[in-house]
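*Asks:* The chain contents come next:
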Amino acid sequence: MTLTTFLTAHYALALLVLIPFTASLLLMAIPRNWALAIRLIAVASSVFTLVISALLAWDYYHLITSGIIPVHGEALQNGMAGFQAIWQYEAPGLAKLISFGPVSFRLATDGAGVAMCLLTALTIFSGVFASWNLQERTKEYYALLLLLVAGVFGVFVSTDLFFFFFFYEIAVLPMYLLIGIWGTGSKEYSAMKLTLMLLMGSAFIVVGFLALYAQARSYVMDNHLNLPVSFNLLDLVPLAHQAYNPEFQKWFFLVFYLGFGVLAGIFPIHTWSPDGHASAPTATSMLHAGVLMKLGGFGLLRIALPLLPAGLHQWHWLVAIIAAWNIVYGAFSAMGQKDLKYVIAYSSVSHLGMVMLGLAAGGAVMDGNNTAGAITAMNGAVFQMFAHGIMTALFFALVGLVYGKAHTRDIDKMGGLARVAPGLAVAFVIAGLSSVGLPGTGGFIAEFMIFMGTFMSKPWIAAFGTLGIVITSIYVLRLLRRVFFGQLNPHLVDMPDAKTTEWVALTVTCVVIVAVGVYPYPIIQLISSAVQPVVGLMAH
Amino acid sequence: MLEFAYEYSWLIVALPVLAFVLIAGVIIIAGKGQALARVTAPWILILCLLGALGIAGGTLVTTLHVQDRKGGMHIVLPVNGNAPAEAAAPTLADWNPREVDWLAPEPAQNVVSTDHPMESIRSWNPTLRMGVLLDPLSATMLFVVVLVSLLVQIYSMGYMKREEHPRFYLYMALFTASMLGMVIASNLVQMFIFWELVGLCSYLLIGFWFPKPEAARAAIKAFVVTRFGDLGLLIAVIALWLGYGDVSFANLQTAIVQNPAVAPLSLTVIAILIFIGASGKSAQFPLHIWLPDAMEGPTSVSALIHAATMVAAGVFLVARLHFIFEAAPTALLVVALVGGFTAIFAASIGLVQNDMKKVMAYSTISQLGYMMMGLGLAAPAAAFFHLTTHAFFKALLFLTAGSVIHAVHTQDIREMGGLFSKMKVTAVTCLIGGLALAGIVPLAGFFSKDKLLEAAWDVAMHTGEHTAAWDGISQPLGWLILIMALVTVLMTAFYTTRMWVLVFLGKPRTHGAEHAHESPATMTFSLVVLAALTCVAGFLLVPMLTGMEWARTNGFGLSPVGIVGLLLAVGGIAWAYRLYRPAPAQEPLQKLGWAYVGMSNLWYVNTFFMWLAGRVVLVLGLLVARFDKAVIDGGLVDGTAWLTGRLGHVLRRVGAGPSPGQLQYYALVIFLLAALVLVAMVTGHTGSFMPGVVGR
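Protein chains in written order, with this note's numbering: chain A, 1 to 540; chain B, 1001 to 1696.
In case anyone wonders, no lab produced these hints; they're calculated from the structure.
There's no promise every hint is true.
Stated by the list, open to error - For lysine-lysine, the following DSSO-like pairs were computed, each having C-alpha atoms within a straight-line distance of at most 30 angstroms: (1) B:K1507 <-> A:K405; (2) B:K1212 <-> A:K499; (3) B:K1424 <-> A:K405; (4) A:K413 <-> B:K1212; (5) B:K1212 <-> A:K338.
Since we're looking at a predicted model, the values are computed, not measured.
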């Protein structure tokens, strides 16, 4: 048994949740003046999770290439076959302790989940380094950050709806404190707004989850079937086709769309995002925009699409139109901002529109054809989650660094920074190019696949969305020019470039952006192994 | 040896990539002072390019040799059954494209398809490949790009300041690699990828002197305007892929010739979208506005990227995909008209420019329009021939301009004069380049321009062998194009002479001009080599390329329209010489009145687009941002919060309960509402819902 199979077969998924959680508890326990120890604990836990996620991804990719996890053929012919690809791990002792009634503690994930875990690990890793110089209440800061990360990992590896929601809330709630205490600007307002709007989304999600269970249960009871019913996704999926009639699917898909859509920043309930991101401290914005906003799209992909495919089909026009509108509207809004952080925040709104557009294109599959288009678009959507996550983490890290060194985020007060901080400039250009969707960066692969797939079923909506590409290049390049090029602002002559620890964060993210842009094949394999079964379920 | 070159032709791209990686490595290792990088960067790139040049040469010879065996030199397949007499036209597939898988997100075999109108989507193959397609078109272009790039790098060692070397050669290596990758590409997506990368390098190099605000602005303008064109290309690529299930040039050609009516958009629309993409890169009206601004970059960049190679990419693209255009005669007409108009339009602006580089820039736009016109006239080989000769003589002209600017420290030709005696090599090489541009026999430009004029003549007279490819073009339109082409010849000769006379003849008009010196040997070396190439390229290329065209272009023979063109060129030279030799105090062209005002204001196209960008798009951005803040956020979201708050107030008074913090209260209200909704919905559906969690 090699090291990797040992890790991945037994403990990896649980460790992903437990390591940040334990580190968080540990941080609570130690004295607050052990400054270095606090950082070392944070670094160690993020390194561990990064290693485990990388091994997971490597191992999972190996399983795909060796044919153990199907990515061709069968997965599409038989909608259920795909869920074999979910990698199940049940902790026997632990599971009994915290399982009750229809709720059971199960951890499992699929290719998309593995990719998202890798994204999370990369983001927290670079986040810890990017906020190395934080001075205020570091202990509590890192503890909350790691708690949040534990929640995020939990969402990506849970198959039980109860624990999915449990981890989801753990991921969302620390944000209130992180922004309220360590934030800048009108932080109380932003924190309150963000929390309230996300809670509203949670309310919808809870309603949806309860309804999914109740409906499945009453279906089984009414028909006297001898089938297991629980909150476990793996029990619900086989029932979904019969238990959820089209009318039910139609309305409850809408419930999930609104619930997860808040986090995915859909228009017009995106407004928590710019304020929240702008007020949040560096590592928090990185995690929130980089990972948490992906929970919206991930939730739809993991829960709403397999269980309520007809629902997506009912609404896919609406979803697609709102998504395309998000792309263009977000890009225009970003163009009109004066605060560096607001530009990036609105660009996230724009880019997440692409994720939703790709998912919406999946809804067209029920026309009976277009499987290839749906797979391509949805692969692109998940790839965009990954690529945008890394890119926006880099963006927020850079904005944080620039703010920390220049003491302003007002674009008009900068200029010519490339002279004093060439390192920051290079990293910013790389992030910007990925945002623009230039080949050689992850952004290109994602956008190309999304538009390619969407063009098949909704050419006009896709064409409207592509306008966003041009507008994006305008605001990103203007931003670069006004911040880094042109005359050096005389107040900023002494601004330092990035330092050692900060370099770690920038290098890792830049390398990943370029690597997935130059050779996207492995990650697309991971993603596709998860997307194809979902499309298969929808095609039925 | 030749087999090796052909077999490993991907090394032509790989070597500049290697140079890029090495230079980046050296920059990182060299650290603060960059002393190591300053010395090594140019040599790394030059050595890699020398290697690439050898392989490109071998590849070119091999390809032409294969060509001979196939018995005819055709780069495009004549359509509509109007094949030429010798009919041995090899298709692109005959050129043995070699590809490897790059990205294969499965499932061609699993596509569940029913009777969808787009039948072909059934066989859509989402596999992406990277590959090499070597035919005379790409092999020649590869050789030209490597050669010009090498000469420009040698020149830059003298032209650029030493502390600028590392970054400059880093970008140049990336540019050369991307350009070569684009040329060698075997399929559309690969071409698009490198096409975009070339645009990135252009952006980086235009903004090379980024502390200059104009340079930073010009870089953005170039990127955004070309990106607008790229959007058209992107949609066309997607439509072709969806329509024909493949993007490799060879398969596309076969598929389109067999079945021109499959794609979701009509071929005419696709061809026009492709042309929009080409217009962005090749600066065709009205997307030409970025190219003159791009002259903010270093002059060696202008020579390589914005004269010889990258701006010709659009022409290359249309030549590569000419089989699509030939199946869509309306698109051909559009290309010919836009090209012809761009040629005469830009030449007219070039008449009155006083910045030496701007004269060249408008001249480049004009000549690119000429090439596009040739493509639209279904004469891709002639257009491509002009592309190659233009690459040599325009690179030469830009480098001489750089040499002059290096010596005089100004770009304004009114502040020069009398440089002939001080900079003999520069002056003579510039004269050779200028005469070639004007189309004077026997320099390279003459032959290629002659071919294009012949094509225009054939169309206007409806003679020649392949007029069927464009039935759509009426004779008056043909005449219009011919006249535009001929007037452009006159104007080209005029502005070239005006520039040369004002720069090199007369008396020095400023202090700088008086104390000018000839540039160092690294610079003049490249000038001399390029001048030699300009002299001989016509003779070398004519026999090679005449075969690419159909048999009717009879090598060196002078056609009647060629003689008219030559006379017009000589007339233009004489006229300009007479006007400008006495060094007039006032611009003689001011006598033209409104036309002069129009020309010197660039015919207001730039003004219009700047208005559009600054007053419309940016203002729209500000408005959307305000709207989001005030209406969506302030009205909708905060309004809901306010309403909930009021509701909480009311509830509190009614219930007289504890006075909760806002957050908990909102949450409570929301959860209560949610539970209500749930109960209502679920009971409504099944009628048998029991609240509470029930075990199994």
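*Asks:* For the pair we were handed, K413 (chain A) and K1212 (chain B), check the Cα-Cα distance against 30 angstroms.
*Replies:* The given pair, whose Cα atoms are some 17 angstroms apart, holds under the 30 angstroms limit.
*Asks:* Does the structure keep K1507 (chain B) and K405 (chain A) at a Cα separation of 30 angstroms or less?
*Replies:* 55 angstroms, violated
*Asks:* Given the proposed pairing of K1212 (chain B) with K338 (chain A), does the C-alpha separation stay at or below 30 angstroms?
*Replies:* Given pair K1212 (chain B), K338 (chain A) holds - Cα atoms ~22 angstroms apart, limit 30 angstroms.
*Asks:* Is K1212 (chain B) within 30 angstroms of K499 (chain A), Cα to Cα?
*Replies:* 27 angstroms, holds
*Asks:* Would the hint linking K1424 (chain B) and K405 (chain A) be met if the CA-CA limit is 30 angstroms?
*Replies:* Not OK: K1424 (chain B) and K405 (chain A) at ~53 angstroms, beyond 30 angstroms, violated.
Violated hints for the displayed structure, listed by number in ascending order: 1 and 3.
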